[in-house]
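The whole structure should be built from the sequences, with the hints applied where relevant.
Chains as they are written, first to last, in this note's numbering: chain Z, 1 to 478; chain D, 1 to 485.
Keep in mind that the hints were calculated from the coordinates and are not lab data. Some clues are possibly wrong.
Stated by the list, open to error - Simulated coverage check for chain D against chain Z, where a stretch passes if three residues somewhere in it have a Cβ under 8 Å from a Cβ of chain Z:
(1) 125-132
(2) 283-292
(3) 385-394
Unchecked claim - Label-pair ranges, simulated between beta-carbon atoms:
(4) D:463 x Z:48: 54 to 60 Å
(5) Z:421 x D:161: 40 to 46 Å
(6) Z:421 x D:123: 28 to 34 Å
(7) D:282 x Z:410: 32 to 38 Å
(8) D:380 x Z:55: 35 to 41 Å
(9) D:47 x Z:322: 46 to 52 Å
(10) D:219 x Z:467: 48 to 54 Å
(11) Z:418 x D:263: 52 to 58 Å
(12) Z:436 x D:361: 37 to 43 Å
(13) Z:467 x D:210: 53 to 59 Å
(14) Z:78 x D:159: 54 to 60 Å
(15) D:376 x Z:256: 26 to 32 Å
(16) D:121 x Z:238: 36 to 42 Å
Claimed, not checked - One-sided and incomplete, this derived list gives chain Z residues near chain D with beta-carbon spacing under 8 Å:
(17) 100
(18) 165
(19) 166
(20) 362
(21) 364
(22) 365
(23) 379
(24) 390
Computed from a predicted structure; not experimentally measured. Quick reminder that beta carbons are idealized off the backbone N, C-alpha and C, glycines included.
Here is how the chains run, residue by residue.
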Amino acid sequence: MSNKRRVLSALALVLTISLFQPLLGQKKNTATSDSIKIPFETYKLPNGLTVILSEDHTTPTVAVDVWYHVGSKNETLGRTGFAHLFEHVMFTGSGHVPYGLHDKLTEGVGGGNNGSTTNDRTNYFEIIPSNYLESALWIESDRMGFLLDTLDTAKLNAQRDVVKNERRQSYDNQPYGRVSEIFSAAMYPKGHPYSWPVIGSMTDLSAASEEDVKAFFRLYYAPNNATLAVVGDFDPAQAKAWIQKYFSDLPQGKPVQRPTVPLGKLEASKRLVYEDRVQVPRLYIQWPTVGFKHNDDYPLSMMSSVLSGSRTARLTKALVYDSQMASQVFAFQNSSEDVGVYQVVVVPRPEHTLTEIEAAVDQVIQKFISEGPTAEELQKAKSGLELNFLRGLESNLGKANQLISGAVFDGDPGHFRTDYQKTLAVTAADVKRVANQYLTRSRIVLSVVPKGKRDQASKASESEAVTVVVGNRRGGRS
Amino acid sequence: MKQQKRLLALTAALIISLANIAAVAQQTLDRTKIPPAGPTPVLRVPTWTKTQLPNGAMLIVSERHNLPLVSFNITFIGGSNQFEQTAKRGLAAMTASMLTEGTTTRSGDQLSDALQLLGTNVGANVGGEEGSIGFVSTTKNFDATLTILADMMLNSTFPAEALERLRGRTLVNLTQAKDQPTIVGAQVFAKILYGGAHPYGQRTTEASVKAITRDDVVAFQKAYFQPGRAIITIVGDVTPAKAKAAVEKGLATWTKAGDKPSFEYPKLPELQPAKIYLVDKPGAAQSVFNIGLPGPPRNTPDYFALQVLNTILGGQFQSRLNANIREQKGYSYGVNSNFGYGKGPGAFRAGGSIFSGKTDAALVEFMKELKGIAGEKPITDDEIKTAKESLIQGLPQRFASVSAISNAITSLVVQGLPDDYYQTFAKNVSAVTKEDLLRVAKRYIDLEHLAIVIVGDRASVEGPLKALGIAPITYIDIEGNPAGN
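Structure follows, in structure tokens:
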């Protein structure tokens, strides 16, 4: 389990696709909303901290969850990987909480803690037996207010090494592990806030100075840029008193500027090939779409379950079952706060080339663009949403993330209801329209092939080779 | 330095509270004071009913009405280790996949569409020592989903073309697994520990998948999915009476057959003196470590002592291994240890992914911690207290969802544990002594016979590993066979 700790964005991204997205887009095809509810109350402290409380006494545990509205997109070129490096630093102790005590008061009493970083936000959480709520609030307030009191270069270096190992484990030593950063760099112009990977580059991680990191903290880790949720078995009056006690005297920070981020847009389609230490090639196709705050995110997400996921979904049926060219197919809208992409991934069967597969994918998509989904396809896509929502309610942390996500990105912890209703309201015409609008755009086709087998790429002669610069692979501190 | 600061602060806090100036205390909050824990919440273990059905299956029902959800699961005692031939490894998993391919009244597509419209999914799989088929549904869709599950389990037609398709997919998966250093590491480790003749050392291979015929699948379904070895566990928004009626109706044609298999395993290969087994992964950024040896089964009387021991050694983030190798040394993103248990001699294993350039240094630290826990670095009272508290207070998490409760109850039956296991858990954990810990550490972490399996870039790690002189190096391939020099 400890391996999974401080999971960062690449994983979080996958989770976002598989878990959060369906949760955010709940709906049910009969009368809505009886079961689509999470009771909560919310308020703001004078220093700008948003607080959300939601009681659930089913299990004698509580989730404490803090989101800071800062992610890798707030970094600058040459200083990438900060938001995530910071996530690690946040577990190394703070002014009044010596290193190690945080773990002792969470996993040491039968609970747990972790954090995650995406392009858009960073979160920190504790899951604790309900009698340890006060100490969890104490810890969260201390690192919000007093982290820099004990931060020094030695601590920073230690976590920098851990992050480099995380990068090696999750990207460099992982088959196909470089795909997401190849796409980020190819989809967005140089310097665009979504053009670098959340984990950052080895070079930038090495270059981060103590002062850089401190400045980053002062700007983004203030109460006015944070949201705190407490979900589970607690007494609200007592929780409010403790929140007042530990958070109210933390000073408000400067207002955080949120620059307008342009959507991805390709002037022309690109064909890329990347050689990896793999035996089975893969085909990836990405189209620029929209972020999750855009209304088109709903039909784009719904299109995903019409195209893949079940054996009767269109791409799956055509490629995995009928022609059996592929062993697996995935199609999904992968959206962030400001931008999004629609992605198709195909794992071929050995006797079929990526060129054939690309043509087969295009054939299915062409047909879908001209027809749109059937009423039954749409109904199937909506049927599982109520169950997913209800299962999400079984986790205090799941609920906390859902409520905070609404508060941070949409200014309303109850935004899950809006999401649910908007997802339910998606029509066949909506899906057909977004298929036409986005899947006909210029796109990126990436073939990942075994080392020395560039000829296995889809339309190999038209594909441009990409190389990814790895940091110093050998030697100690790089 | 930190501690001094703490002491001063504590004194200050004392003065303030003596002065009894509540308002001042509020304004000048003493943040150095660790907030005290409240009273430990009362452990609420779910209750359940157990009924023996006429067909031989056991029915377990546990009510939970906070949400309109029901978890339904049939667990089969015994798995691929008991029911598969060595030459046809993968047959159990293949048969489980084939249950989605069509029945006498529904095609595979119709099954899929029906389940999608119910918004749920029936999952079937067979592992080494148990198998299961089940789902979680909304209350209102429970009966309809159960009907489809029964159809899949009892009336599947196993079309030959589906077998070929699934065979092709499995072969692609096996090829992809060869590129995953963590999967290769785990497979090679098992092969070294148990050898090819013990089921724990075997795995599905290209050859075994190619050997599976449709007749094998049909025969496996008949032989395996039998009520005599089944536990039907229903948890959630149901009553025992309703659950029983649903099962009697939904599984009416599932008639008495089968019994529980025996779990006798072949003798283990003779333990070898400690050795490094190096699997070459040219250019790898990390070396994947698996260090260990065969361990005790789940029913060992040493279970609670081992759980406390492992919590101290490598079960948690601040356990000795991770605190040292990740947090202090920065060699890894995370290392850990565990006991595999099972009905047979599941492995003790310590490991993780290590930066290639620190392969040798990390091995030194792994060995230091293993020797340490076995006596060289005595376990402290504080470590014991934290480990016990963590295990005891972690119990409620096992009852956090309908599927978690289903697992928690079913595993008692599968492992032959008493019904009051969770009620007596705290007592059993608390009873573990420091002497117990030292005894089980010495017994189960046998330093003289550790297999040290490392999957990494031989060109860069071999020299440094040799120079350590910790153990001789043997070269093996990704199948766990000798690779020459």
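Broken hints, numbered, in rising order?
Numbers 1, 7, 12, 13, 15, 20, 21, 22 - these are the hints that the structure violates, sorted from lowest upward.
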